[in-house]
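**Q** First to last, the protein sequences are chains W and C. Anchor point for the first sequence: position 70 equals 70 in UniProt numbering, and the numbering is continuous, going up by one each time. Anchor point for the second sequence: position 208 equals 208 in UniProt numbering, and the numbering is continuous, going up by one each time.
Warning: the hint list may mix true and false statements.
[Unchecked claim] Sample of chain C residues facing chain W (criterion: CB under 10 Å; computed from the structure):
| no. | residue |
| --- | --- |
| 1 | 166 |
| 2 | 168 |
| 3 | 169 |
| 4 | 172 |
| 5 | 179 |
| 6 | 185 |
| 7 | 186 |
| 8 | 190 |
| 9 | 274 |
[To be verified] Here are the simulated distance ranges between beta carbons:
| no. | chain 1 | residue 1 | chain 2 | residue 2 | range |
| --- | --- | --- | --- | --- | --- |
| 10 | C | 258 | W | 188 | 52 to 60 Å |
| 11 | W | 72 | C | 269 | 42 to 50 Å |
| 12 | W | 72 | C | 185 | 19 to 27 Å |
Since the hints were derived computationally from the structure, they do not count as laboratory data. Built from N, CA and C at the ideal position, the CB exists for glycine as well.
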Amino acid sequence: MATHAGGLTATRTVRVRSLSRGFGDRTVLNGLDLEIGEGEFVALLGRSGSGKSTLLRALAGLDRDVAGSGQIEVPQNSSVVFQDARLLPWQRILDNVTLGLRGPEAPQRGRAALAEVGLAGRERAWPNELSGGEQQRVALARALVSEPELLLADEPFGALDALTRLRMHHLLRELCTRHRPAVLLVTHDVDEAVTLADRVLLIDEGRIRVDLTIDLPAPRSHRQPQFLAYRESLLQSLGVYQTEG
Amino acid sequence: MTASVLSRPRPAVATPTAAKPRRRLGPGRAIPFGAAIGPVGLLTLWAVGSAAGWLDPRTLSAPWTVVTTAGDLIANGRLQDNLAVSAQRAGLGLAFGTVIGTVLALASGLSRWGEAILDGPIQIKRAIPAVALIPLLILWLGIGEEMKVLTITLGVLVPVYIHTHNGLRTIDSRYVELGESLRLPPGTFLRRIVLPGALPGFLLGMRFAVVGAWLSLVVVEQINSTSGIGYMMDLARQYGQTDVIIVGLVLYGLLGLISDGAVRLVQRKALSWRRTLAD
Chain W
1 MATHAGGLTA TRTVRVRSLS RGFGDRTVLN GLDLEIGEGE FVALLGRSGS GKSTLLRALA
61 GLDRDVAGSG QIEVPQNSSV VFQDARLLPW QRILDNVTLG LRGPEAPQRG RAALAEVGLA
121 GRERAWPNEL SGGEQQRVAL ARALVSEPEL LLADEPFGAL DALTRLRMHH LLRELCTRHR
181 PAVLLVTHDV DEAVTLADRV LLIDEGRIRV DLTIDLPAPR SHRQPQFLAY RESLLQSLGV
241 YQTEG
Chain C
1 MTASVLSRPR PAVATPTAAK PRRRLGPGRA IPFGAAIGPV GLLTLWAVGS AAGWLDPRTL
61 SAPWTVVTTA GDLIANGRLQ DNLAVSAQRA GLGLAFGTVI GTVLALASGL SRWGEAILDG
121 PIQIKRAIPA VALIPLLILW LGIGEEMKVL TITLGVLVPV YIHTHNGLRT IDSRYVELGE
181 SLRLPPGTFL RRIVLPGALP GFLLGMRFAV VGAWLSLVVV EQINSTSGIG YMMDLARQYG
241 QTDVIIVGLV LYGLLGLISD GAVRLVQRKA LSWRRTLAD
């Protein structure tokens, strides 16, 4: 990508400058800078309490009551996927997907989005008739049906079992290749970050400490030696091996 | 005795107890037609008491007398006429009360100012019994239909307000956040998140309200009234017609039961998305 030193490219989707956020006396984000290019898949790693979710909520504009300062530039058309699927239990699946859409073609687009996540035919089901993985797929369809320029995902697979999570990784990767939104995926799973992202950021003490571009050929797997190298380096930065050293 | 039982040494080898089922702690399986057992038992006692002559007909008429009296009242049209008048009063009061209660609950549930202004007075009204308001309402409105419908309306709007308001306030804040993240316009937010979210509360309020409407009816029709079931019963009191009074009581009971059943039916239809322990 044609990103030069200043990062001043026209193809930037997110730009954050000296962002600070705090809860009471505790500073969570402390002068954080961040840029995400158009269609770029960025994974955000960090220990719990490091401010990953605070950053995501700031980008989503869901932190009105939080004290802080800084500049945020995000596209109007951005979607959020939460850790819980957050489907309205009183709306059928299709109505959940089209919740944010307007216009007569909404059901049509909703059906197409459901087919994309492999849930064609379940339009009339109630959310509580679906499994956890299926519910999260509906949430993905709801987020992508508006063709967002930016997809913000807050540990979207955290509540799923390991097998379902692998399938969801595959699906997300596929959807992002097709729709090309810029993605900020908050996760605590290093493997997930290395598998999915073009770039992995590590947040610590309120700032981005590591900015690692993942340069791996398409079907990424644990068998690639490079994969393991990235993984080791990130785990090192997260301080996982500290007690042993 | 007890001490010796307690001090008896336990057998050293555990005896196999796997075959013995665990003691059930819940109420157990449902009894078929369980809801009918109590009322049928009461009816049997009443019938046996009347047949054996333990119950003086002046105190409590026999069930069959009540049935024939009901037949007579239907034959000469008094029952239908009075029922129609009563139903109209209850229906009007219920309609006004439901609309006003819902609107007030929305105003108070969706805005802090609405709550500050409305919630207090309604809580105060809740503490004042309908009977205590009637003298004032009679002075204001006379003893006509307005007074009666207004009394029922006031009785209905309180439960509708309380439960709808509670339903609104207990909508999961995560859904509100979802609405914000999707940039829903206020109208869509109201229609697709707020109203369906408050529906269970509203319907619970309606269950209290329909029964409450008939209860308020009893009060207004036995004071300064010249028509309605309550009036029919009050007249019967003056002539010592126990059977007519009981016909009225049974009618009130049936009306309450039927209206409650109707709301529950709507509840089951409208809240079919919900899978609760009751299903």
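**Q** Go through the hint on residue 179 of chain C and say holds or violated, using the shortest Cβ distance to chain W against 10 Å.
**A** Residue 179 of chain C check passes; min Cβ-Cβ to chain W is 8 Å, inside 10 Å.
**Q** Per the CB criterion, is residue 168 of chain C less than 10 Å away from chain W?
**A** violated, 14 Å
**Q** When the nearest CB of chain W is found for residue 172 of chain C, is that gap smaller than 10 Å?
**A** holds, 9 Å
**Q** Have a go at the residue 190 of chain C hint: is there a Cβ in chain W nearer than 10 Å to its own Cβ?
**A** Where the cut-off is 10 Å and the nearest Cβ of chain W is about 13 Å from residue 190 of chain C, the hint is violated.
**Q** Is 19 to 27 Å right for how far apart the beta carbons of residue 72 of chain W and residue 185 of chain C are?
**A** At 23 Å between Cβs, range holds.
**Q** Between residue 72 of chain W and residue 269 of chain C, is the Cβ distance one that fits in 42 to 50 Å?
**A** Holds: the Cβ-Cβ distance is about 46 Å, inside 42 to 50 Å.
**Q** Should the interface hint for residue 186 of chain C be scored as holding, given a Cβ-Cβ cut-off of 10 Å against chain W?
**A** For residue 186 of chain C, the interface hint is violated, since the closest Cβ of chain W sits about 14 Å away, which is over 10 Å.
**Q** For the restraint on residue 274 of chain C, tell me whether the closest CB of chain W is nearer than 10 Å.
**A** holds, 7 Å
**Q** With chain W as the partner, please determine if residue 169 of chain C meets the hint condition of a C-beta pair closer than 10 Å.
**A** violated, 17 Å
**Q** Verify the interface restraint on residue 166 of chain C: the C-beta must sit less than 10 Å from at least one C-beta of chain W.
**A** violated, 17 Å
**Q** Does residue 185 of chain C hold up as a contact with chain W if the rule is Cβ-Cβ below 10 Å?
**A** Where the cut-off is 10 Å and the nearest Cβ of chain W is about 8 Å from residue 185 of chain C, the hint holds.
**Q** With 52 to 60 Å as the target window, see if residue 258 of chain C and residue 188 of chain W comply at their CB atoms.
**A** Check passed, 57 Å falls within 52 to 60 Å.
The structure shown violates the earlier hints numbered 1, 2, 3, 7, 8.
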